[in-house]
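K.L.:
So the chains spell out like this:
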Amino acid sequence: MTNWKTLLGATAAALTLTFALAAPAVRADEQYFPLQSYRVGPYAAGGTGFFGGFIDYLNLINTRDGGVNGVKLTWDECETQYEVERGVECYERQKSHPNAAAWNPLSVGIAYAMIDRITGDKTPLITINHGRTDSTDGRVFPYVFPLLLNPYSETSGIVNYIASKEGGVDKLKGKKIVVLYHGSPYGRETIPIYDLLAEKYGFTVQQIEVPHPGNEQQSQWLTIRRAKPDFVVLRGWGVMNPVALKTAAKVGFPASKIVGNVWSNSEEDVIPAGDAAIGYTAITTQASGNKYPVVQEIIKTLYDQGKGNLEDKGRIGSVYHNLGIVNGILNVEAIRVAQEKFGHRTLTGDEVRWGFEHLKLDEAQVEKLGAKDLFHSINVTWDNHEGDGYVTFQQWDGKKWNVVSDWIAPDWKLLRPIIEKSSEAYAKDKGIKIRTAADAENLSN
Amino acid sequence: MSVEVLSTPHGQTDAAPFAPYVWPAIVLLVAYAAVPLVANSYFLEALLLPFLALSLAGVGLNLLAGYAGQVSLGSAAFLAIGAFAAFNLNLRVPGLPTLVNILISGVIAALVGIVFGLPSLRLKGFYLAVSTLATQFFTQWALTNFGWFSNYNSSGVIDAPKLSAFGFEFVTPVARYYFTLSVVVLLTLFAWRVATSQTGRNFIAVRDNEVAARVIGIPVLRTKMIAFGLSSFLIGAAGVLWAFAYLRTVEPAGFNLDRSFQILFIVIIGGLATIRGAFLGAALIVTAPVILSRIGSFFLGDLFDSGVLEMSQRVLLGVLIIAFLILEPDGLAALTARMWKGIRTRLGVAASN
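Top to bottom, those sequences are chains F and V.
For the first sequence, the residue numbers in my numbering are 1 to 445.
For the second sequence, the residue numbers in my numbering are 446 to 798.
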């Protein structure tokens with residue numbers, strides 16, 4: 001009985017501690033980043049790289065500059081394993097911490113579940129290079145930002161690249177493209193836009209799903225071999241990518257005819273595939289490698305002092321790590337923009353939203369941040385939450401990625417009406433009032 | 446699975462101190478009056494809502510697995526069917542009240558459950574469990590591959606509509622908690638009535654000895670079909686709550702085999718063939734990982750990254766579950782009954798033995 005009592009007492013004490021006293025240590029001059037990260041599960045490679053880069057950049061700003069104009073950046077992590085329920089639990093948990101700047105869940109499913117919630121809280125939700133395409137329309141989604149590249153722009157960029165390989169968009173006529181996509185909300189996001197572009201340019205498209213997580217693709221690749229496409233677009237994620245490349249080699253489909261999307265473009269996707277990945281090309285918004293000044297500073301300030309976030313130093317400057325750094329730059333610069341307007345202090349979520357809606361970094365400013373050639377530029381406005389990011393293509397030579405194209409602009413003019421049609425339908429469905437430019441200047445918290 | 450594991454735990458029927466309805470009344474009073482006063486939105490949104498929804502699913506599976514002895518690994522499929530049926534009914538039948546919607550969605554899940562329950566007429570035990578896997582995979586496949594189910598939404602994720610009943614809209618966490626609680630209470634009451642009726646006794650008879658049940662004139666075929674239907678009905682309704690009240694978004698991948706196992710563990714750990722076992726089991730399965738993860742990140746968050754913590758929590762949770770099952774193979778329901786009896790003996794209310 002005594003044992004039970006002790007156990008009960010200890011449990012009760014621990015519970016009180018975690019729920020009652022675990023009020024987070026809040027600083028007066030902080031800006032808090034709730035990180036719904038994932039470091040275990042099938043997508044851990046993406047999670048550790050991205051969140052590692054993000055944390056490294058926030059850490060760099062704190063260590064080198066003492067924060068953003070004296071305001072320290074703080075964060076904590078909550079493990080989601082890329083699962084929606086866990087992401088929601090993390091959101092509820094981290095929401096109680098005040099001074100939140102922006103959410104960055106790096107998961108389309110979790111982002112979808114959070115849209116209504118963060119809109120109620122008036123805190124921005126950043127889905128860099130992914131997310132719900134029509135959230136680009138800031139008139140309907142005031143707090144959601146698919147920064148740099150939304151899935152439709154990515155699709156347009158890939159199709160334009162294939163056209164340039166074939167010798168122009170008019171040469172696409174009669175060609176055949178297979179899209180192999182991940183069986184998740186993320187993977188399915190681009191189905192309608194491929195159909196639409198196929199109709200517009202006169203190529204045929206066949207879209208094949210790989211069920212999550214994608215470690216068995218024999219039947220899909222046999223179908224592809226029968227279909228004899230001119231190109232295969234790999235819209236994968238995590239373990240699905242190396243398996244796709246290996247299976248392609250097994251059925252004899254050349255890697256040079258496979259074009260990866262922005263979540264199939266990392267070292268972690270090609271290295272496990274070995275020689276099967278040589279010649280494989282993928283789209284990216286940020287270059288890989290550690291020669292960029294900002295990456296060098298992270299190495300010098302953090303990793304040389306043993307304060308870096310990545311366990312494996314060999315991954316510094318990898319695609320995911322650099323994407324995390326770029327994401328850090330965009331978040332921090334949005335705060336800086338908002339601070340110039342509202343004062344050098346802790347900002348509310350709505351003020352940070354205003355900052356993102358005025359986030360304009362041209363090539364000169366990007367260079368000043370030490371990120372020249374790491375990414376091109378961004379220009380977010382109140383109604384364009386993507387910010388016209390540029391893309392480039394890189395080819396794997398068995399050891400590293402080599403850039404094989406210039407910075408390319410997706411066909412935004414073509415995509416905007418499609419996005420607006422979708423977002424307006426959403427607004428009508430949910431009874432959302434479409435925002436005007438004046439509304440965007442109105443801050444409510 | 447042996448009869449010993451399946452049989453109703455002992456020790457809860459003898460010498461009750463109060464009338465049998467006093468305990469549920471206290472619990473209801475606390476749930477309706479006290480909890481919303483003290484709980485913040487985190488408690489309601491992240492703990493109580495999933496707890497209530499999974500408890501109802503546990504009650505549903507317990508009718509089938511605990512009372513009627515038919516093991517099913519397809520529970521998540523019925524959650525999904527309930528959720529997607531409710532979404533489509535809401536979309537395609539304008540002005541349908543949410544409560545009616547829940548009932549119809551439950552009935553749809555029940556019909557599917559009866560169809561997939563047919564193999565139980567020939568298969569038993571592990572073989573039946575494997576055949577119910579078909580439900581699991583088929584449902585997920587169908588919901589993913591036929592765009593109609595998600596209204597051709599490009600990413601397959603659907604936005605759940607607002608809950609409303611009797612002119613109220615249940616938007617705030619407290620309101621959604623009350624809504625969920627009321628539905629769960631009503632349906633649990635219904636499940637309890639079934640379990641204590643002739644139908645419930647038929648379930649137990651079929652479970653304990655099918656041949657004997659047939660000999661004494663119990664319609665085995667019908668009883669099994671009723672068990673599958675009722676169980677799927679309750680799980681389907683739980684799916685609606687899960688999707689509409691808790692997550693407020695649905696995607697087929699959220700209803701995978703892991704979820705089925707989770708519900709099965711709730712029933713086994715809580716106590717087979719008890720109603721309150723489903724609630725106790727859900728409380729452990731839903732809250733234990735969260736508590737562990739909070740303790741972990743509070744005390745050790747600065748030392749280890751979240752991946753290491755997550756892995757150690759899994760190990761710890763596994764050890765906890767094994768410890769519970771060794772301490773009390775009849776589940777938490779029997780464990781709490783024994784503890785309560787000990788307390789009463791100490792207080793001198795009951796004779797010690």
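Heads up, some of the hints might be wrong.
To be verified - The calculated lysine to aspartate or glutamate pairs, modelled on EDC-like cross-linking and capped at a C-alpha distance of 16 Å, are: (1) F:176 with F:195; (2) F:173 with F:209; (3) V:607 with F:116; (4) F:372 with V:604; (5) V:607 with F:195; (6) F:291 with F:383; (7) F:428 with V:653; (8) V:569 with V:703; (9) F:246 with F:199; (10) F:250 with F:209; (11) F:72 with F:333; (12) F:372 with F:362; (13) F:430 with V:655; (14) F:360 with F:383; (15) F:122 with F:429.
Simulated from the structure, these hints should not be mistaken for lab results.
These numbers come from a predicted model, not from an experiment.
K.L.:
Each hint should be assessed against the structure and marked as holding or not.
P.N.:
Hints and how they fare:
1. This hinted pair checks out: residue 176 of chain F and residue 195 of chain F have alpha carbons roughly 12 Å apart, not beyond 16 Å.
2. Of the pairs offered as hints, the one joining residue 173 of chain F and residue 209 of chain F is violated, with about 24 Å between alpha carbons and a cut-off of 16 Å exceeded.
3. For the hint pairing residue 607 of chain V with residue 116 of chain F, the CA-to-CA distance comes to about 11 Å; that is within 16 Å, so the pair holds.
4. Distance check on the hinted pair: residue 372 of chain F and residue 604 of chain V sit about 40 Å apart at the alpha-carbon level, beyond 16 Å; violated.
5. Note on residue 607 of chain V and residue 195 of chain F: the hinted pairing is violated, with a Cα-Cα distance of about 33 Å set against a maximum of 16 Å.
6. Distance check on the hinted pair: residue 291 of chain F and residue 383 of chain F sit about 35 Å apart at the alpha-carbon level, beyond 16 Å; violated.
7. Proximity of residue 428 of chain F to residue 653 of chain V is assessed by CA-CA distance (about 56 Å); at most 16 Å being required, the pair is judged violated.
8. The suggested pairing of residue 569 of chain V with residue 703 of chain V is violated, with an alpha-carbon distance near 22 Å, which exceeds 16 Å.
9. Simply put, residue 246 of chain F and residue 199 of chain F have alpha-carbon atoms about 31 Å apart, too far for the 16 Å limit, and the pair is violated.
10. Distance check on the hinted pair: residue 250 of chain F and residue 209 of chain F sit about 19 Å apart at the alpha-carbon level, beyond 16 Å; violated.
11. A hinted pair counts as satisfied when its Cα atoms are at most 16 Å apart, and residue 72 of chain F with residue 333 of chain F qualifies at roughly 14 Å.
12. Straight-line distance between C-alpha atoms of residue 372 of chain F and residue 362 of chain F comes to about 10 Å, which keeps the hinted pair within the 16 Å bound.
13. For the proposed pair residue 430 of chain F and residue 655 of chain V, the alpha carbon gap of about 53 Å is over 16 Å, so the pair is violated.
14. For the hint pairing residue 360 of chain F with residue 383 of chain F, the CA-to-CA distance comes to about 14 Å; that is within 16 Å, so the pair holds.
15. Our distance criterion of 16 Å between C-alpha atoms is broken by residue 122 of chain F and residue 429 of chain F, whose separation comes to about 21 Å.
Checked against the numbered hints given earlier, the structure breaks hints 2, 4, 5, 6, 7, 8, 9, 10, 13, 15 and satisfies all the rest.
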